Amino acid sequence: MVKVEKRRALPEQRLRAFLREMLLIRRFEEKVEERFRAGELPGFLHVAIGQEAAEVGVCEAMEDGDVFSSTHRAHGHTLARGTPPNAVMAELYGKIEGCSHGYGGSMHLYDLERGNQGANAVVGGGLPASVGAGLAFKLRDEPRVAVSFFGDGATNTGSFHESLNLASLWKTKTLFVCENNEWAESTPGWQHSPVFDDMSKRAAAYAMPAIKVDGQDVERVYEAAHDALGRVRSGAGPVFLDIETYRMHGHYIGDPQVYRTKEDRDEAAERDPIVRLRGRLDVPDEEWLALEDEVRGIVEGAVEFARNGTDPQPEDALKNVYA
Amino acid sequence: MLPGRWLARPKDGAVPELSYREAVRDALAHAMRSDEDVFMMGEDIAEMGGSMGVTQGLVEEFGVERVRNTPISEIAIVGAGIGAAMQGMRPVVEIMYEDFLTLAMEQIVNQAAKHRYMSGGQVTVPLTIRTQGGAGWSPGAQHAQQLEAWLVHVPGLKVVFASSPADARGLLWSAIYDDNPVIFFEHRLLYPVKEQVAEKLEPVPLGKARIVREGSDVTVIAIGPLVHRALVAAEQAEAEGISVEVVDPRTLQPLDEDTLVESVKRTNRAVVAHEAVRRMGFGAELAAILQEKAFDWLDAPIERVGARFAPLAFAPSMEQYVVPQAEDVLAAVRRTVERS
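Just so you know, the sequences run in chain order R and P. Letter 90 of the first sequence, counting from 1, is numbered 191 in this note's numbering, and no numbers are missing. Letter 103 of the second sequence, counting from 1, is numbered 108 in this note's numbering, and no numbers are missing.
None of the hints are false.
In silico lysine to aspartate or glutamate, EDC-like type, Cα no more than 20 Å apart, as pairs:
id, chain 1, residue 1, chain 2, residue 2
1, R, Lys313, R, Glu161
2, R, Lys420, P, Asp184
3, P, Lys298, P, Asp263
4, R, Lys420, P, Asp183
5, R, Lys239, P, Asp42
6, P, Lys199, P, Glu22
If you are wondering where the hints come from, they were derived from the structure by calculation, not from laboratory data. Model, not experiment: these values are computed from the prediction.
The task is simple: from the sequences and hints, build the whole structure.
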């Protein structure tokens, strides 16, 4: 385990900015759920409600020039790295104005300008490219980091093991971020991994330092990510960030969640990272309502923008197959 | 190490003679000398020089940072290549045996081939994946398959299969400098084949077929080792009064349909030939294209030559029975002539 440096608390203003970002992601995803249920959005949609602290904590600790690859639950990472909500929403509507110009959809959000190297619909599929990006940064002696987001389900893929091994062996500038949300689709962690109680053991097998952090506390996540990124950036080798978070909703929108007990759902609500941060900051009602208004305005604006977006021409499907 | 060790330079300033193996190595060395962004990853490619000795000597010149021995991790080899390529480098990764591409198919098919598309044109993946295979040494069912048909089925990939040293050198150069993922097939039996080549590396553009031998009665479209077997068959056919044209597409994707179709329109008969399994093979696509674009010019059904529908057996007698030989090409040529 890498020791997380004790430092003074983040300025309250920064934490309020985190709260705003988390709330924006939450309301954005709730809106996505609503519009999907209304039959307005095509495709498969997966939200990460409950995981906003993990997303915002890591993404806020990243620097300009850092790159990342994400998963099928990528709305939060993409928004937290600065892609405008309008561009993300337009992508979910399959519009040219979308961040992947309608070619990707929810599971393939890209934004090269902001380091988003692609959200991946194959569990574990994005990890090896993060090793390669981290290798490129090392070979070119660039102070950049490739961040790889994945869930606990991915830790059972060959891709995960080959990637951790190679990254550790070559000391690539890669940060592995395991967002352990306790579910691999409908399969609980205890049913899919013998080290579910401590995912860091996976990193230990590859002689890679790990940092375990409470993923529902954005301040702790930020600190851990900040330390991990610093170590990776210095060239000391990759780090495994073991974030224990929680997926409050189903695997996909519309998932009846027959595998989940009522107690479990109740527990989920208690672990809401936004409620927790609001309490920690003691945000008064008036301020909270103003924040809600602002965020809702942004989300409604994004829906409006997306609805008014441009549908690609059918024959555009033949573009971008080759460079 | 000096390039002289790789290039069998002739005396008196004549054009050098290069083996197919040396040609691949020469293209790699040229690219790495001229461009810091080119580097290699693969199993046993450094000190050992790869399982086929193709990369011998390169680690001495370019060092272990650029000629990287990897663990036996095909997913990570290809995937790391994708990631480095997306950062603007031009990695060349080696998959030791073509059969092991199957281990990396997720990265090749879902990732390398689709990043550009899924990103709406934002991403480029200038990655080259070299691999080799082929029957002839009795390597058995898991070390000798020809899997090019799997790859040409995937939009977003380019697929190259060189049959001669000059083509191997020029095509590999073009593959490395192409901004798309390119699968570069080499054939094991071709490594010792020698040819005189220009002193200066001449890039061969992807998507351009080569008429290897001109003829007027039958066109044989062949790839890899079947180009050489078709040439043997053509000589024998010549003695029987049949003039055979041999055309090598060289690049399977993109495919130079025009050159193939024009040849068949001249000869009015076509044979397609590869070492891979005949059923659902690349030749089936060639036959379909020819009947779509040259049906009215055909005087006989298109003949297909390829391996019989069985894995490759170990015993040499069985292995050689399964894969197509020059006699199989000749028999196909004769059938097309007999029909009309």
